[in-house]
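Now for the letters of each chain:
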Amino acid sequence: MANVKEYARNKEGSNIGKIVVDRDLCIGAASCLAVSGETWELDNENKAVITGAGAGANAVDDATLLMSAESCPTKAILLFDKEGKQVFPK
Amino acid sequence: MQPEKYKYLIIGGGVAGTTAAETLRQNDKKSRIGIVSDEPHLFYSRIMLSKPNFFLGKIPFDQIWLRKAEWYEKNKIELVSGNLATKLDTSTKTITLSNSQILQYEKLLLATGGEARSWPLPGALKAGICYVRDLDQAKELIENVKTAKQAIAIGSGFVSFEMCEMMRMAGLDVTLIMREPYFWYPLLDEESAKMIEKGLEDGGVKILSQSEVIEIKGENKIEGVTLKNGNQIPCQLALIGIGLVCNLDWLKNAGVEINKGIVANEYLETNLPDVYTAGDVAEFNDLVLGENVQLGNWVNAQMQGRTAGTNMQGEHKPFRMVSFYTAIGFGLNIAMSGDVRLKPNSKVIKRGSPEINSFARIIVDEKDEIIGATFINRTQDMSPINKLIESNFKVSGHESELSDINFDLKQLLPK
Chain D
104 MANVKEYARN KEGSNIGKIV VDRDLCIGAA SCLAVSGETW ELDNENKAVI TGAGAGANAV
164 DDATLLMSAE SCPTKAILLF DKEGKQVFPK
Chain W
303 MQPEKYKYLI IGGGVAGTTA AETLRQNDKK SRIGIVSDEP HLFYSRIMLS KPNFFLGKIP
363 FDQIWLRKAE WYEKNKIELV SGNLATKLDT STKTITLSNS QILQYEKLLL ATGGEARSWP
423 LPGALKAGIC YVRDLDQAKE LIENVKTAKQ AIAIGSGFVS FEMCEMMRMA GLDVTLIMRE
483 PYFWYPLLDE ESAKMIEKGL EDGGVKILSQ SEVIEIKGEN KIEGVTLKNG NQIPCQLALI
543 GIGLVCNLDW LKNAGVEINK GIVANEYLET NLPDVYTAGD VAEFNDLVLG ENVQLGNWVN
603 AQMQGRTAGT NMQGEHKPFR MVSFYTAIGF GLNIAMSGDV RLKPNSKVIK RGSPEINSFA
663 RIIVDEKDEI IGATFINRTQ DMSPINKLIE SNFKVSGHES ELSDINFDLK QLLPK
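Just so you know, the protein sequences line up as chains D and W, in that order. 104 is the number of the first residue of the first sequence in the working numbering; add one for each residue after it. 303 is the number of the first residue of the second sequence in the working numbering; add one for each residue after it.
These are computed hints drawn from the structure, not numbers from a lab. There could be a bad hint or two in this list.
Unchecked claim - Chain D side only, calculated, beta carbon under 10 Å to chain W, not exhaustive:
(1) D127
(2) I130
(3) A133
(4) T154
(5) P176
(6) K178
Unchecked claim - Derived pair list, reagent style DSS-like, types lysine-lysine, alpha-carbon separation capped at 27 Å:
(7) W:K360 - W:K500
(8) W:K523 - W:K441
(9) W:K451 - W:K519
(10) W:K332 - W:K370
(11) D:K108 - W:K689
(12) D:K193 - W:K696
(13) W:K370 - D:K121
(14) D:K108 - W:K712
(15) W:K370 - D:K193
(16) D:K121 - W:K332
(17) D:K178 - W:K370
(18) W:K332 - D:K193
(19) W:K376 - D:K121
(20) W:K649 - W:K696
(21) D:K185 - W:K376
(22) D:K188 - W:K370
(23) W:K378 - D:K193
(24) W:K378 - D:K178
(25) D:K188 - D:K178
(26) W:K451 - W:K389
(27) D:K178 - D:K114
(28) D:K114 - W:K712
(29) W:K331 - D:K178
(30) W:K448 - W:K508
Every residue gets a Cβ at the ideal spot worked out from N, C-alpha and C, and that includes glycine.
Start from the sequences, fold in the hints, and give me the full structure.
Laid out in C-alpha cells, this is it:
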C-alpha cells in the first residue's frame, strides 16, 4: 500500500489507535461522510480524509467509527487497535 | 408445508437489505432474521462494478465482497440466495419464493432495488450487448472487453461515463451515443457538461449527441449499429447505461401502493402495516426536498437500510439526508447534491469556473435557501454545502463568500 494516509487516534477508552485510508482504493463515494460527517470529509482530490487535519480522528465513539469504515464500498478505510493489529476489515 | 417463520424478513440482499439486517441484529440478538436475494451471491459492492480499476484487475476481485459467509453465520442472518420473491400475501404475512418455498414474517422490508433498463431495440439480446448493474453482468462485460476492438456506450450518465473510461483504459475505440444535446442533460448545465465532454474527448472518446441507434447489426453477436441519421458504426461491444427500472409486477396484487417505485412515507413505511421499503426501490417522502422521490444511489440505500431496520423494531425515526451522487473518471471528480433541477425562480451562484477546471453551481430557491449543487473538481465543497442545505441556511448577504473559491465554506456552518 503505497498511497495511504495514516491518522493516530488517542480517544480515551477507545480500542482503536490508528485509522488508515488507502487512497488508491478510495473513490470518493462519500459513504463514510454520510455515517460520520464529524470524522470524514473529501479533499480536493475527492478522497476521504479526516476532518480538522486529523483532529477528527477522535470525534466519535468506536462503534460509529467502525460503522463509517464498514460503509465504504471499496474497503478503503482500515482500522487498527492500540497494539497495531488490524481490526477492520477482518 | 409449514412456512418458515421469521421475525424480520428482508427481500433484497444489497446494501439497503444487508444494512437493515445488520441494524436489526445490533439491537435484537435473538430474533430470526432472513434475507432473500435473487442473486446467487453474498453482499457485494455494486458501486465497485463501474470502477475501471476493478474491471482492469488493478483491485483484487475479492475486494468486491463486503460481507463474508462467516459474517452471516456469526450474526445469525439467514441468506436465502438465488431465489426470487414471487408473491406477497399480507393477510397471512407470507412471501412465496420462486422455488415455491413460503416464508412468514412479522415485519417485512422490501429492498429489491432495480435493474438496468433494457435497450428497447430489436436484436438487443445479441451477445456483446452489456450492462453493468449486477455482478454477473459485470463478469460478462469483462469477458467482452477482452476481445472487442470498438465499443459504443449508450446514455449520458454515471454508468456510461465511468465505463467509457474503463473501455478506453482497456484500449478500445469508444463512441458515446446519447439522445441528449449535452452530457447529463437536464441535470447539469451546459457549462459543466462541456467540461465533462472535454474530459471524455481528451480521453479519446468520440461523442455523438442528439443521436439515436435505430438498428443493431450482426447475427448472434453485435457487429455494428445504424444511427437515425443513417450513419453506421462498427462495434463488437455496446455498453448500455440508460437508467434503472424496478420489477414490481410481483407486488401488483399485494395491495402495496406502487408508483415508479414502492411508495413510502418519511419513516419508510408503506401503506401496509408491518411492510417497509428502502433503497433504490423506495419512492419516499424526502424531508429535505419536500417531495416524494426515488433515488438510485448507494449511500442513500445504506442510510435508508439503517432507518428501516430501526423503525422495524418499533422506533419512529424519520429518514432525513441530503442525497448526493459522486463519480470519477478522465481526471474529473463529479458530484451532485440535493435537488439540482432548475425551477423558474431558482438562482445559481457559481463558484470557480470551467476555465480553471474547477466549477461548482450552488442552487438557491425562492425561499433564499440552498437546495442543491453540482460540483466538477470541487468535491471538497460538497460536505459543507450539504450541511448548509440541511440547516436551511439563508443565502442573502453571503453570495460573494459562496462564489469565492478562496473562502472556506465551513465558516458559514452553524456553530
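Verification of the supplied hints:
1. Interface hint at D127 (chain D): satisfied, since its Cβ lies 8 Å from the closest Cβ of chain W, which is below the 10 Å cut-off.
2. For I130 (chain D), the suggested interface contact is upheld, since its CB lies about 6 Å from the closest CB of chain W, less than 10 Å.
3. Taken as an interface hint, A133 (chain D) checks out: its beta carbon lies about 6 Å from the nearest beta carbon of chain W, inside 10 Å.
4. The closest approach between the C-beta of T154 (chain D) and any C-beta of chain W is roughly 9 Å, which is under the 10 Å cut-off, so the hint is satisfied.
5. Given the 10 Å rule on beta carbons, the hint for P176 (chain D) holds: about 4 Å separates it from the nearest Cβ of chain W.
6. The interface hint given for K178 (chain D) is met, as the beta carbon of that residue sits about 6 Å from the closest beta carbon of chain W, less than 10 Å.
7. Simply put, K360 (chain W) and K500 (chain W) have alpha-carbon atoms about 26 Å apart, close enough for the 27 Å limit, and the pair holds.
8. With a C-alpha separation of about 17 Å, the suggested pair K523 (chain W) and K441 (chain W) falls inside the 27 Å cut-off, and the hint holds.
9. A threshold of 27 Å between alpha carbons decides the hint, and for K451 (chain W) with K519 (chain W) the separation of about 16 Å falls inside it, so the pair holds.
10. Restraint check for K332 (chain W) and K370 (chain W): satisfied, since their Cα atoms lie roughly 21 Å apart, inside the 27 Å limit.
11. Annotation: proposed proximity of K108 (chain D) to K689 (chain W) holds, straight-line Cα distance about 25 Å (limit 27 Å).
12. With a CA separation close to 45 Å, the supplied pair K193 (chain D) and K696 (chain W) exceeds the 27 Å bound.
13. With a C-alpha separation of about 24 Å, the suggested pair K370 (chain W) and K121 (chain D) falls inside the 27 Å cut-off, and the hint holds.
14. For the proposed pair K108 (chain D) and K712 (chain W), the alpha carbon gap of about 23 Å is at most 27 Å, so the pair holds.
15. In summary, the hint linking K370 (chain W) to K193 (chain D) is supported, as the alpha carbons are separated by about 10 Å, within the 27 Å threshold.
16. For the hint pairing K121 (chain D) with K332 (chain W), the CA-to-CA distance comes to about 33 Å; that exceeds 27 Å, so the pair is violated.
17. Among the hinted pairs, K178 (chain D) with K370 (chain W) is consistent with the structure: their alpha-carbon atoms are about 13 Å apart, no more than 27 Å.
18. Under the criterion of a C-alpha separation no larger than 27 Å, the hint pairing K332 (chain W) with K193 (chain D) is consistent with the structure, at around 24 Å.
19. At roughly 26 Å between alpha-carbon atoms, K376 (chain W) and K121 (chain D) fall within 27 Å of each other, so this suggested pair holds.
20. At most 27 Å may separate the alpha-carbon atoms for a hinted pair to count; K649 (chain W) and K696 (chain W) meet this at roughly 13 Å.
21. Pair hint K185 (chain D) plus K376 (chain W) holds up; C-alpha atoms about 25 Å apart against a cutoff of 27 Å.
22. Distance hint between K188 (chain D) and K370 (chain W) is fulfilled; the C-alpha atoms sit about 20 Å from each other, no more than 27 Å.
23. A hinted pair counts as satisfied when its Cα atoms are at most 27 Å apart, and K378 (chain W) with K193 (chain D) qualifies at roughly 18 Å.
24. A C-alpha spacing of about 23 Å is found between K378 (chain W) and K178 (chain D), which places the hinted pair at or below 27 Å, so the restraint holds.
25. Distance restraint check for K188 (chain D) and K178 (chain D): the Cα-Cα separation of roughly 17 Å lies within the 27 Å cut-off, and the hinted pair is therefore satisfied.
26. Restraint check: the Cα-Cα separation between K451 (chain W) and K389 (chain W) comes to about 44 Å, which exceeds 27 Å; the hinted pair is violated.
27. Distance restraint check for K178 (chain D) and K114 (chain D): the Cα-Cα separation of roughly 23 Å lies within the 27 Å cut-off, and the hinted pair is therefore satisfied.
28. For the hint linking K114 (chain D) to K712 (chain W), the alpha-carbon distance of about 24 Å falls within 27 Å, and the restraint holds.
29. Taking the CA atoms of K331 (chain W) and K178 (chain D), the gap is about 26 Å. The hint holds against a cut of 27 Å.
30. Under the criterion of a C-alpha separation no larger than 27 Å, the hint pairing K448 (chain W) with K508 (chain W) is consistent with the structure, at around 20 Å.
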